[in-house]
Amino acid sequence: GEDVEQSLFLSVREGDSSVINCTYTDSSSTYLYWYKQEPGAGLQLLTYIFSNMDMKQDQRLTVLLNKKDKHLSLRIADTQTGDSAIYFCAESSEISGGSYIPTFGRGTSLIVHP
Amino acid sequence: DAGVTQSPTHLIKTRGQQVTLRCSPKSGHDTVSWYQQALGQGPQFIFQYYEEEERQRGNFPDRFSGHQFPNYSSELNVNALLLGDSALYLCASTPRGYTEAFFGQGTRLTVV
Numbered sequence: 076g077e078d079v080e081q082s083l084f085l086s087v088r089e090g091d092s093s094v095i096n097c098t099y100t101d102s103s104s105t106y107l108y109w110y111k112q113e114p115g116a117g118l119q120l121l122t123y124i125f126s127n128m129d130m131k132q133d134q135r136l137t138v139l140l141n142k143k144d145k146h147l148s149l150r151i152a153d154t155q156t157g158d159s160a161i162y163f164c165a166e167s168s169e170i171s172g173g174s175y176i177p178t179f180g181r182g183t184s185l186i187v188h189p
Numbered sequence: 029d030a031g032v033t034q035s036p037t038h039l040i041k042t043r044g045q046q047v048t049l050r051c052s053p054k055s056g057h058d059t060v061s062w063y064q065q066a067l068g069q070g071p072q073f074i075f076q077y078y079e080e081e082e083r084q085r086g087n088f089p090d091r092f093s094g095h096q097f098p099n100y101s102s103e104l105n106v107n108a109l110l111l112g113d114s115a116l117y118l119c120a121s122t123p124r125g126y127t128e129a130f131f132g133q134g135t136r137l138t139v140v
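Quick note, the sequences are listed as chains S and Y, same order. Position in the first sequence (first residue = 1) + 75 = my numbering. Position in the second sequence (first residue = 1) + 28 = my numbering.
Keep in mind that a hint or two might mislead.
Stated by the list, open to error - Selected chain S positions facing chain Y (Cβ under 8 angstroms, derived; list incomplete): (1) Lys-111; (2) Pro-114; (3) Ala-116; (4) Gly-117; (5) Tyr-123; (6) Ile-176.
Simulated from the structure, these hints should not be mistaken for lab results. Backbone N, C-alpha and C define an ideal beta-carbon position, used for all residues, glycine too.
Excised from the complex, chain Y in its bound form (with noise of 0.2 angstroms):
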């Protein structure tokens, strides 16, 4: 059984570029949520997405947008890229009915 896989793993963009980073949940995980993770800091949550719709949605400005399609994998859009988006962005699923989220190895934004 996979877990949960993203990608690209590694990515590098030039300031005001938009970026489309993909997850693909672990098999039965119908939920998706993304988080942003800035170095030397505990990741940050960007939003979650279940039954593809956007259910809940940290602190994040409006350039941050998602997706959920029906075989529950999901993306992450980010508009007009500034520096201080350079991350490890994360994408957990978590299975109907538990709290526990499985994370994938992440995604390197670094934008120049």
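Isolated chain S (complex conformation) (with noise of 0.2 angstroms):
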């Protein structure tokens, strides 16, 4: 199986707030991150998390890590509709030689209507 899963669709309205899922299988994961990636355009790196914190809160963007049960999820307040975009989850543990390489799950597309 996959190592990070997420659901593939969210659809909200504008104004709600939006939660993005994510599981991981690796239990040795440091470093958990979520990415947005718009249409034709590059992966934005939006915020990371390190294992041994629950929560971390930036502006209209919060994380939460369930490390126990390999649990990621992002939240997005006040959802407007330049959030739509696809989400993607990853996370990296330590590689020798101290490199840290992401693994990615496949995205879930959030689609904010009016």
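Starting from the two chains in their separate frames, assemble the complex, guided by the hints.
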């Protein structure tokens, strides 16, 4: 099975909160990331959380980590139409030489409608 | 400060040909990684370069090779192109001592 799993689609109304969920399998994951990809573009790093944290908040974004269940979520408050994009969850652990290679899920397509 | 830049933006090649994609990392970033993103999929790790050496490699055949130059820029070469190599190829750079990867806009490769 996949190392990182996400639901494929989420549809919300403008102004509501969006919650995108992700599960991962690697218990040694050290960093967990959320990336955003708009049509025809590369990936934009939104935020990341270290595995010894439970929560991280950054303006409209809140990341929650349940390490026991290997579950990560991204909450976007007051979702706007400009938030419509694909959101990727990724995890990484240290590989030899101090490098971290993120492993990505398939992405969740967030559709925000008026 | 320019971000990660990739060239070309789009490319069409014929099956069996060879292709070279280029990447310039963000200023101060010394580690470059390459990813392949097929339509509807997440990015898949190809390899990572650091100090002009391939440090890590994903599950890709030897047809995929790379290079990193002293100025940290990098190339991805793919030989004997297959139709299945059609994808968005993403380059990401990471500053020394950090884990966050910053991505370029990608090169859309179409093999016909």
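Hint check:
The interface hint given for S/Lys-111 is broken, as the beta carbon of that residue sits about 10 angstroms from the closest beta carbon of chain Y, more than 8 angstroms. The criterion of a C-beta within 8 angstroms of any C-beta in chain Y is not met by S/Pro-114, whose closest approach is roughly 11 angstroms, and the hint is violated. Interface hint at S/Ala-116: satisfied, since its Cβ lies 6 angstroms from the closest Cβ of chain Y, which is below the 8 angstroms cut-off. Residue-level restraint check for S/Gly-117 holds (minimum Cβ-Cβ distance to chain Y is 4 angstroms; threshold 8 angstroms).
Annotation: S/Tyr-123 was flagged as interfacial toward chain Y, and the flag holds, the nearest CB pair being 6 angstroms apart, inside 8 angstroms. Hint status for S/Ile-176 relative to chain Y: holds, with the closest Cβ pair at about 5 angstroms, below 8 angstroms.
The structure shown violates the earlier hints numbered 1 and 2.
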